[in-house]
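Kindly produce the complete structure, drawing on both the sequences and the hints.
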Amino acid sequence: MMNKEHLSKKSFPWAHVIGYVGSIVLTVLALWFTVKAPLSQGSIITILLALAILQILIQLIFFMHITESRGPAYHSIAIALGFLFTFAVVAGSLWVMTFNSQVQ
Amino acid sequence: MVEATGSPISNQQSFEHGMEEEEKHILGFWIFLATDLVLFACLFATYLVLRTHTDGGPTEAQLFDIPMFTLETFILLTSSFTCGLAVREMRNGHLGRLMGWLAVTILLGLAFVGIEVNEFLSYSLEGATMQRSAFLSGFFTLVGTHGLHVSLGIVWMISVGIQLMRDRIQPTTARKLFNAGLYWHFLDVVWVMIYTVVYLMGVMK
Chain A
23 MMNKEHLSKK SFPWAHVIGY VGSIVLTVLA LWFTVKAPLS QGSIITILLA LAILQILIQL
83 IFFMHITESR GPAYHSIAIA LGFLFTFAVV AGSLWVMTFN SQVQ
Chain B
6 MVEATGSPIS NQQSFEHGME EEEKHILGFW IFLATDLVLF ACLFATYLVL RTHTDGGPTE
66 AQLFDIPMFT LETFILLTSS FTCGLAVREM RNGHLGRLMG WLAVTILLGL AFVGIEVNEF
126 LSYSLEGATM QRSAFLSGFF TLVGTHGLHV SLGIVWMISV GIQLMRDRIQ PTTARKLFNA
186 GLYWHFLDVV WVMIYTVVYL MGVMK
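In the order they appear, the protein sequences are chains A and B. Each residue of the first sequence is one higher than the one before, counting from 23 in the numbering used here. Each residue of the second sequence is one higher than the one before, counting from 6 in the numbering used here.
Certain hints may be false.
One side only, chain B facing chain A, incomplete, derived with CB under 8 Å [stated by the list, open to error]: (1) His22; (2) Phe49; (3) Leu53.
Calculated lysine to aspartate or glutamate pairs in the DMTMM-like style (CA-CA distance at most 20 Å, straight line) [as the list claims (entries may be wrong)]: (4) B:Lys29 <-> B:Asp41; (5) B:Lys181 <-> B:Glu25; (6) B:Lys181 <-> B:Glu26; (7) B:Lys210 <-> B:Asp70; (8) A:Lys58 <-> B:Asp70; (9) B:Lys181 <-> A:Glu90; (10) B:Lys181 <-> B:Asp41; (11) B:Lys29 <-> A:Glu90; (12) B:Lys210 <-> B:Glu65; (13) B:Lys181 <-> B:Glu28; (14) A:Lys58 <-> B:Glu65.
Just so you know, these hints were derived from the structure itself, not from any lab. Positions of the beta carbon are idealized from the N, C-alpha and C atoms, including for glycine.
Right, dumping it as structure tokens:
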């Protein structure tokens, strides 16, 4: 039986509060970098994407219980493939479309 | 091994994973989320390719209002938190508290949709409609599809709430609430990408 003690009747939902505070901090940080940070556009975009990935991990781990399963965690493979396809479609489209602007 | 016996909440952890049947429904729902992610991937790719094609019309920086989309983000993040608390109370067997957090989540969801409808209306009144430019077609399709998902999520949570009042916490209703929760957190994941890629990068100098 997986982590049975993990969610016994604790009086305070620490994991949820940590996840929530973390997500708020990341949101504010992303906004600060966008509006105030004296950095080049390229480095701000990199930082924003890194912060977004952390946000997504918070949702998956603290709220969506991605590690929980009765047997093998097949659903983690499914969602990981989903993210892989997402990355391929978005990055691939952007990459291909830059040829268009070079050819013209 | 977890057994669904006469006492429905004999096991606190992974209660909704307790029966093989429920476990399959949860796995199936994760696979649905993976396919939904691919749908949003296509809309994001389209938007990113078209974002500079404004055809002399309004641009991202002219339209997007920082306090407005930041408020939307805070509301959706908070609703994800309260939704997580509802599932937690379900596992602890507190139906009353579960219903309370579920109600808060639904109200926050409604506030989010309300702000978004208001945003879309004010853009339209400024002449920034879906037909104005390729950028705006991409924008309304991507953000509108997410808004539609949120609206559906609200209807879904209301239905699950009604079933919980009728049938109490038992394996089937527990799994339904858990899946509705997964869906709601997933919409937050998609919104984080919209917040970052559409709004923040749109207002960036």
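Tell me the numbers of any earlier hints that the structure contravenes, in ascending order.
Every hint satisfied by this model.
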